[in-house]
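K.L.:
Sequence:
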Amino acid sequence: MSEHVTGDAVVLELRPARLPSRALAVAIDTVLLWVVFFVLTLVLTLSTVMLDEAARAAVAVASFLLVLVGGPVAVETLSRGRSLGKLACGLRVVREDGGPIRFRHALVRGAMGVVELLLTFGVVAAISSLVSARGRRLGDVFAGTLVVRERVPADRSRAMPPLPPWLAGRFTQLDLSAVPDEFWFAARQYLSRLHQLDPDVRQALGTQLAGELVARTAVSPPEEVPPAAYLAAVLHERREREARRMRAAPYAVGPAGDGGLSAPAPAGPGPTGGPTAGRGVPTVPPGRPSAGAVVSAPGRGAGATGLPIDPEKAPDAPAPRTGFAPPA
Numbered sequence: 190m191s192e193h194v195t196g197d198a199v200v201l202e203l204r205p206a207r208l209p210s211r212a213l214a215v216a217i218d219t220v221l222l223w224v225v226f227f228v229l230t231l232v233l234t235l236s237t238v239m240l241d242e243a244a245r246a247a248v249a250v251a252s253f254l255l256v257l258v259g260g261p262v263a264v265e266t267l268s269r270g271r272s273l274g275k276l277a278c279g280l281r282v283v284r285e286d287g288g289p290i291r292f293r294h295a296l297v298r299g300a301m302g303v304v305e306l307l308l309t310f311g312v313v314a315a316i317s318s319l320v321s322a323r324g325r326r327l328g329d330v331f332a333g334t335l336v337v338r339e340r341v342p343a344d345r346s347r348a349m350p351p352l353p354p355w356l357a358g359r360f361t362q363l364d365l366s367a368v369p370d371e372f373w374f375a376a377r378q379y380l381s382r383l384h385q386l387d388p389d390v391r392q393a394l395g396t397q398l399a400g401e402l403v404a405r406t407a408v409s410p411p412e413e414v415p416p417a418a419y420l421a422a423v424l425h426e427r428r429e430r431e432a433r434r435m436r437a438a439p440y441a442v443g444p445a446g447d448g449g450l451s452a453p454a455p456a457g458p459g460p461t462g463g464p465t466a467g468r469g470v471p472t473v474p475p476g477r478p479s480a481g482a483v484v485s486a487p488g489r490g491a492g493a494t495g496l497p498i499d500p501e502k503a504p505d506a507p508a509p510r511t512g513f514a515p516p517a
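In case it helps, our numbering puts the sequence shown at residues 190 to 517.
It should be emphasised that the hints constitute simulated quantities derived from the structure, not laboratory data. There could be a bad hint or two in this list.
[Said to hold, decoys possible] Using C-beta positions, here's what the derived DEER-type ranges look like:
hint : residue 1 : residue 2 : range
1    : L319      : A277      : 43 to 51 Å
2    : H384      : A277      : 42 to 50 Å
3    : P289      : S381      : 20 to 28 Å
4    : Q397      : A300      : 23 to 31 Å
5    : R434      : P209      : 50 to 58 Å
6    : G333      : L307      : 17 to 25 Å
7    : A277      : P369      : 39 to 47 Å
8    : L233      : A300      : 21 to 29 Å
9    : L255      : A393      : 52 to 60 Å
10   : S366      : F292      : 49 to 57 Å
11   : P289      : D241      : 42 to 50 Å
12   : S381      : T230      : 13 to 21 Å
Ideal placement from N, C-alpha and C gives every residue a C-beta, glycine not left out.
Using the sequences and the accompanying hints, generate a full structural model.
P.N.:
Right under this line is the structure:
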């Protein structure tokens, strides 16, 4: 693995491609280029039958340069360092600082590739790749480029560091309502790239983010807690709170007072054994009809037509019979 430190003190981990993968990519590209060259040569031969020998030779040389030299240059320039063979093998040509290549880089690589790959059948390129510590051929050395691997195994990806066990539950009472979302995004980016930063820059950024969090929460962290561990613990606490809030209100669409919807209150037995009314539904005392209600006359069934009756003049409901006689 090759490391390059940028001007912002960020360490770039470049993974140079090995000789077998590069040889396979070159073989795929070479086969495709020769197929295109032979097809184009056949078409030009049939089209230039009436020309003399010198003209046909000039057309052949032009087609050779156009396909076998101009083709790789155009493809690498337009695709930013990825040909069909490199795409199949998961490779890319980049600058030494990790940036995308331009036309001049592709032109130098293509011109040197004629000597390294075509005229010597790849022997010079293989020897130079074996000698170089980063597997660069002569075209890469003169162009200032490097062929790297793009397909990185998942287990090698840099993830956010886990919560230190000795900090679990120490920030449960911390008020995070005044912390904006931009800070959480910056803290996650810092923790995910923690191992890519220079130690001095890592400490400075961690101290800056921790100081901003202290200013938002008005609570200072313990002195023995490093800034990175403090940020990781607070982020973990925020995720735990969000998870608890989602589990407690699965029907919630938004916070209370902002148009959110809450789950309906479950109906259950009340104090007298009957079902309780749902939340927000007005109840009417037993034996007393509500104002404006339609009361059926005594003696009529539930399906009879009722007339509006004044609630004050409505007959009282019969007292419930419990089987016990009141004391004299």
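K.L.:
The hint says 23 to 31 Å between Q397 and A300; measuring C-beta to C-beta, is that right?
P.N.:
Once the Cβ atoms are compared, 48 Å apart, the range 23 to 31 Å for A300 and Q397 is violated.
K.L.:
Look at the Cβ atoms of A277 and P369 and judge whether their distance stays inside 39 to 47 Å.
P.N.:
At roughly 45 Å between Cβ atoms, P369 and A277 fall inside 39 to 47 Å, so the hint holds.
K.L.:
Range hint 17 to 25 Å: satisfied by the CB atoms of G333 and L307?
P.N.:
Holds - the Cβ-Cβ distance for G333 and L307, about 22 Å, lies within 17 to 25 Å.
K.L.:
Is it true that H384 and A277 lie within 42 to 50 Å of each other by Cβ?
P.N.:
31 Å, violated
K.L.:
Range hint 43 to 51 Å: satisfied by the CB atoms of L319 and A277?
P.N.:
Violated, since L319 and A277 (Cβ atoms, about 23 Å apart) do not stay within the stated range.
K.L.:
Is 42 to 50 Å a correct range for the gap between the Cβ atoms of P289 and D241?
P.N.:
This hint holds: roughly 45 Å between Cβ atoms.
K.L.:
Please test the hint of 50 to 58 Å on the beta carbon pair from R434 and P209.
P.N.:
52 Å, holds
K.L.:
Starting from the hint 13 to 21 Å, judge whether the C-beta atoms of S381 and T230 obey it.
P.N.:
53 Å, violated
K.L.:
Please test the hint of 21 to 29 Å on the beta carbon pair from L233 and A300.
P.N.:
23 Å, holds
K.L.:
For the hint 49 to 57 Å, verify it against the beta carbon of S366 and that of F292.
P.N.:
The hint (49 to 57 Å, Cβ to Cβ) holds, given that S366 and F292 are roughly 53 Å apart.
K.L.:
In this structure, is the beta-carbon distance linking P289 and S381 contained in 20 to 28 Å?
P.N.:
23 Å, holds
K.L.:
Is the hinted range of 52 to 60 Å satisfied by the C-beta distance from L255 to A393?
P.N.:
Holds - the Cβ-Cβ distance for L255 and A393, about 53 Å, lies within 52 to 60 Å.
Hints 1, 2, 4, 12, counting from the list given before, are not met by this structure.
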